[in-house]
Amino acid sequence: MSRRITFIQAVREAFQEEMRRDGSIIILGEDVRKGVFATTSKLVDEFGPERVINTPIAESAIVGAAIGAAMTGLRPVVQIMFSDFTYMAMEMIANQAGQWHYISDGVLKTPMVIETPGGARGGAGYGHSQSVEATFIHPPGLKVVAASTPYDAKGLLKSAIRDDNPVLFFEHRRLLTQRGETPQEEYTIPLGRADIKRKGTDVTVVAYSASIPKALIAAERLSQQGIEVEVVDPRTLVPLDKETIFASLQKTYHLVVVEEGRRRGGFGAELAAIAVEEWFDYLDAPVQRLGGLDAPLPYSPVLETACLPSADDIVHAVLRSLGQEV
Amino acid sequence: MALDHDTLKDLYRKMVTVRLLEKRVEQLVMAARIPCSGHFGLGQEAVGVGVCGPLRKEDYLFGTHRGFAEYIGKGMTPAEILTEYYGKATSLSRGRLGQHLLKPEIGVMPLPSSLGSEFGMAVGAALSSKLRGSGRVTVNLFGEGTAGQSDFGPALEMASLWRLPLIFVCNNNQYVELAHYREVVATEDIAPRAGAYGVPYEIVDGNDITLVYQATERAASRARQGGGPTFLEFKTYRRCTHYTGDPGGYQPKEEIAAWAQKDPIDRCRRLMMAQGLWTAADEQAMLEAVSAEIEAAVQFAEESPYPDVSTIYEHIYA
Chain A
1 MSRRITFIQA VREAFQEEMR RDGSIIILGE DVRKGVFATT SKLVDEFGPE
51 RVINTPIAES AIVGAAIGAA MTGLRPVVQI MFSDFTYMAM EMIANQAGQW
101 HYISDGVLKT PMVIETPGGA RGGAGYGHSQ SVEATFIHPP GLKVVAASTP
151 YDAKGLLKSA IRDDNPVLFF EHRRLLTQRG ETPQEEYTIP LGRADIKRKG
201 TDVTVVAYSA SIPKALIAAE RLSQQGIEVE VVDPRTLVPL DKETIFASLQ
251 KTYHLVVVEE GRRRGGFGAE LAAIAVEEWF DYLDAPVQRL GGLDAPLPYS
301 PVLETACLPS ADDIVHAVLR SLGQEV
Chain B
1 MALDHDTLKD LYRKMVTVRL LEKRVEQLVM AARIPCSGHF GLGQEAVGVG
51 VCGPLRKEDY LFGTHRGFAE YIGKGMTPAE ILTEYYGKAT SLSRGRLGQH
101 LLKPEIGVMP LPSSLGSEFG MAVGAALSSK LRGSGRVTVN LFGEGTAGQS
151 DFGPALEMAS LWRLPLIFVC NNNQYVELAH YREVVATEDI APRAGAYGVP
201 YEIVDGNDIT LVYQATERAA SRARQGGGPT FLEFKTYRRC THYTGDPGGY
251 QPKEEIAAWA QKDPIDRCRR LMMAQGLWTA ADEQAMLEAV SAEIEAAVQF
301 AEESPYPDVS TIYEHIYA
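Sequences listed follow chains A and B, in order. To convert, note that position 67 of the first sequence is 67 in the numbering used here; the numbers rise steadily by one, no gaps. To convert, note that position 146 of the second sequence is 146 in the numbering used here; the numbers rise steadily by one, no gaps.
Here chain B stands alone, though its shape is the one from the complex (with noise of 0.2 Å):
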């Protein structure tokens, strides 16, 4: 089954937010306009977007630090992402967060500095919406490197036990910082983990954002009918280097070169073009819309003022 066409097109267009984003990013923090240095995700921007697709807003995220394709996915706007990026006053945060996106208005959770904390945290919002019967699915999105985590394992064996609404989606994308992932993780595939603890498990072309939606699709549905949790691993590569700071040099070029012609943003372009839902105008105007909007969005971030620092003692405790 095909997407319907509007769904496609939505999700297109916010793939293409999430690389040009990036992109931009990427030059303001070599000009030292951004403080943090920027994690990117060029080439696995269809599991983030994907994702979020069949989410409701109020479904809880718990994303990742690799890019801000569930972030743009789930409903936020480069501008809230560069005034948080900026550490400006205007942000949600008022300066507070950086890096560490947040909205839960929109369901996005916290994305904790270290990795795999949000296991727990996310079997907790779960359970909470068990409990209250809010009907909310929650998704727990991590990479690959990220399952050797402690509680990695008890996250699944309490979703399991308790049937909780949740799941995970790990986003395989081969490197886990600068080495390749089979260096430091024992399996080729993570998702056969969690048929060890009784969740059932997809493993999934995490470039076609087709399947990547239908996938979670499925999972939702399955959660929100009492079924419990799902782990979902999508495969797809990381064809930039782990942060903004690092050289590279250590993936093959004939690696990335072959995985470029996979690249899911042209797989989605040219299967609209092919079905005659998108044209080189669509394309010309959507890309001078999107810049425009990532434009005026950093225009705003560098105009914002900082924080003021009398601020500093607000809200250490409720």
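Isolated chain A, as found in the complex (with noise of 0.2 Å):
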């Protein structure tokens, strides 16, 4: 049985149904048994104090308690309140969580979650709003998960609490009030691989997170013209599943990626270099790759609204990559 649920509430249900399989799970972080984006709210009167602990403000020795903790014995989930304060433990997670288990060989694990929402929906300014997934696409050992619709994220968080690695799992603050179908019964979603969200035979658009509802957008609006976008969303940026944004694009021979972080060095810039790597035969033009500005994210809303890709700017890219005048 289905229902139409928002995306908070499927996170929560993945922590219950994880949290009830699994005793060895704890959350931890700044007012998690309250919930300020509630994703955790309530969760204490289920699990207690002891496996629902609200932390001192203190990101990097919060993440360094949970890396503790992961090595030994227990399964961690640590929210971090805005994914912009993952900077805070950049420390702790580039080096540390991703990285023992390889130079232990293979003798320590650091089996957490970090869940964080993210992004910008207008107000919080440019510490409270970024998209910063792509930072993390660079250090080894971690695993990067970024759903964009209820569904995705209830699947995706259960197999990230079950993973034996450190997974990021970014939640972009506009989707969090989203409902979309969530099945009542369990499932899981592997990391690794991507969904198409719409089918097509024209142009290749990779998007993630709050980027697919414009990329759906679009897509609707240049059917209208006779050009069907085929809509990937990754769900993973690492591991990235390579195979289906391959197979898509030899169906269409046009590739445009469209992330709300930064372009430079971001996520698109990886999916191109791996496409002029590995599928340059299949490319009948430029890759169009759209992110936010490179530059700080301003607070007044029509100046964070130009820092960020429209629908409107991905037909524009869609029509550039088919070589018609805009």
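These are computed hints drawn from the structure, not numbers from a lab. Any given hint could turn out to be false.
As the list claims (entries may be wrong) - Computed spacing ranges between beta-carbons, pair by pair:
(1) A:179 to B:217: 52 to 62 Å
(2) B:211 to A:31: 36 to 46 Å
(3) B:57 to A:184: 41 to 51 Å
(4) B:192 to A:36: 33 to 43 Å
(5) B:192 to A:56: 18 to 28 Å
(6) A:36 to B:312: 41 to 51 Å
(7) B:163 to A:31: 18 to 28 Å
(8) B:312 to A:1: 29 to 39 Å
(9) B:35 to A:33: 48 to 58 Å
By construction, the Cβ of each residue, glycine as well, lies at the ideal position given by its N, Cα and C atoms.
Two chains, two frames, a set of hints: combine them into the complex.
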């Protein structure tokens, strides 16, 4: 049976189901008992204060504590209230969480999840609005998840919690209150498997998180002009499902990539490089790369909007890719 | 109360092992047999060895990059240390760790490259022990300079809030790399900072192995009984340079000479001789045995193969 639930409810259900299944899962973070974005609200009522732990305001030490707990038999979930603040814990994430399994030659494991809402939703300003997922593509040993629907969020979070590696689970704040069909029955979605959000034959648009709704709007508009866009959601940036993207490109020969994170050194840069290195014979046009401006995110609604790719921008990028003048 | 005779002899032998091993590793670094630099702790052996004395095998240790005292103290062997330093395939990590000694099987937990990054991890290990009721104690050993790191305060706060079985051990050897600690540390004592977080603390002579052992035993006992964290500051002195490439010269000769008079190994030996536990013949026999163990470890590390490059992608993910 399926219901329409919000992204928040989907995430909370994933926590509930997993915490019932496995007593070694704990959640720690700032205000996780009440839950500022509500994904962890009321979990303390069922699982108790020993498993749902409010912490001091200290992102680096919280993530450090999760690493130590993970290495010694627990499966911690850390909530970082805004994904911009993951930078405060960058040392622990990039230098420690992702590397000890390797440098210990497999002796240590760090099964942990960093759940972190982020992205621009208006009104939060430069340090509460960034999309920083691509930052975590670079360090080794991490997995990076960025779901675009409640269905994906629930299934991916359950897999992330069961994974024996550190997983960053990004939630776009514009998506948190969005509803979507989600089955009542137990299901999981493996990390590293993309999903085709709309089928098409003319151009492949790879987008994730809050760029998916925009890509779907753009695809609808383009369809009215007779251009059929295939929207591919990788869902996890690491590991990346290159096979699904390549299969789409083998139909369309045109690639557009969209993200809200900054363009320079972003996910699109990585994907464009992969396309040039590995799929050159399947590119009939240069890769079109859309992303946030290479600038700090200003506060004013007009300025913030201007920093991020819009559905119109995606339409134009698709047309450019096809060599059609806008 | 004096330590029992076997305990004292064991601690003494470990301190001597640390000193001889550090000397040998220094030679091997200078001879370019070992690719890393070495950071040694001449004169401060009683801290690491003494702290590990009352710990159980399963207790967790987060140690420092300086010397081998806590690693030998916790039960690592010269061969385990040397094969890591050489980067050989026979090491626990098959050549991946280098100086970042590790042996979780006996509680030796990560030594992060970035000083102080273990503060949070030690909190996590202690939290894990508490939630699982394992009875294990965690020791987080660090220098007075590392107390300046940003996770120091939060770790004390979390340990205090959650009454964790965690012992903070500050090895105050008076030098932060090339600088006297008072150039870069605002207070003579570090321990009172713990008091501000509600964590009980003691300041102890770190060159007296008996006092180091007993202070740690009290803290471990408190932790195991659910009494929460303790902060111990051991006053000692580093009589060597920061690392093998450091020409030194910044430590006054008189200062070094004064601390040599308080050498922890000499003190321990005099104590044992005064108690009639130790003779010159015992000393000679032990030195020969320890030297032989170290030479065998050097030979083993020298003769061990380097890791096969084909292993390079193994274990990036679990």
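Quick rundown of the hints versus the structure:
{"no.": "1", "hint": "A:179 to B:217: 52 to 62 Å", "verdict": "holds (59 Å)"}
{"no.": "2", "hint": "B:211 to A:31: 36 to 46 Å", "verdict": "holds (43 Å)"}
{"no.": "3", "hint": "B:57 to A:184: 41 to 51 Å", "verdict": "holds (48 Å)"}
{"no.": "4", "hint": "B:192 to A:36: 33 to 43 Å", "verdict": "holds (35 Å)"}
{"no.": "5", "hint": "B:192 to A:56: 18 to 28 Å", "verdict": "holds (20 Å)"}
{"no.": "6", "hint": "A:36 to B:312: 41 to 51 Å", "verdict": "holds (42 Å)"}
{"no.": "7", "hint": "B:163 to A:31: 18 to 28 Å", "verdict": "holds (21 Å)"}
{"no.": "8", "hint": "B:312 to A:1: 29 to 39 Å", "verdict": "violated (49 Å)"}
{"no.": "9", "hint": "B:35 to A:33: 48 to 58 Å", "verdict": "holds (49 Å)"}
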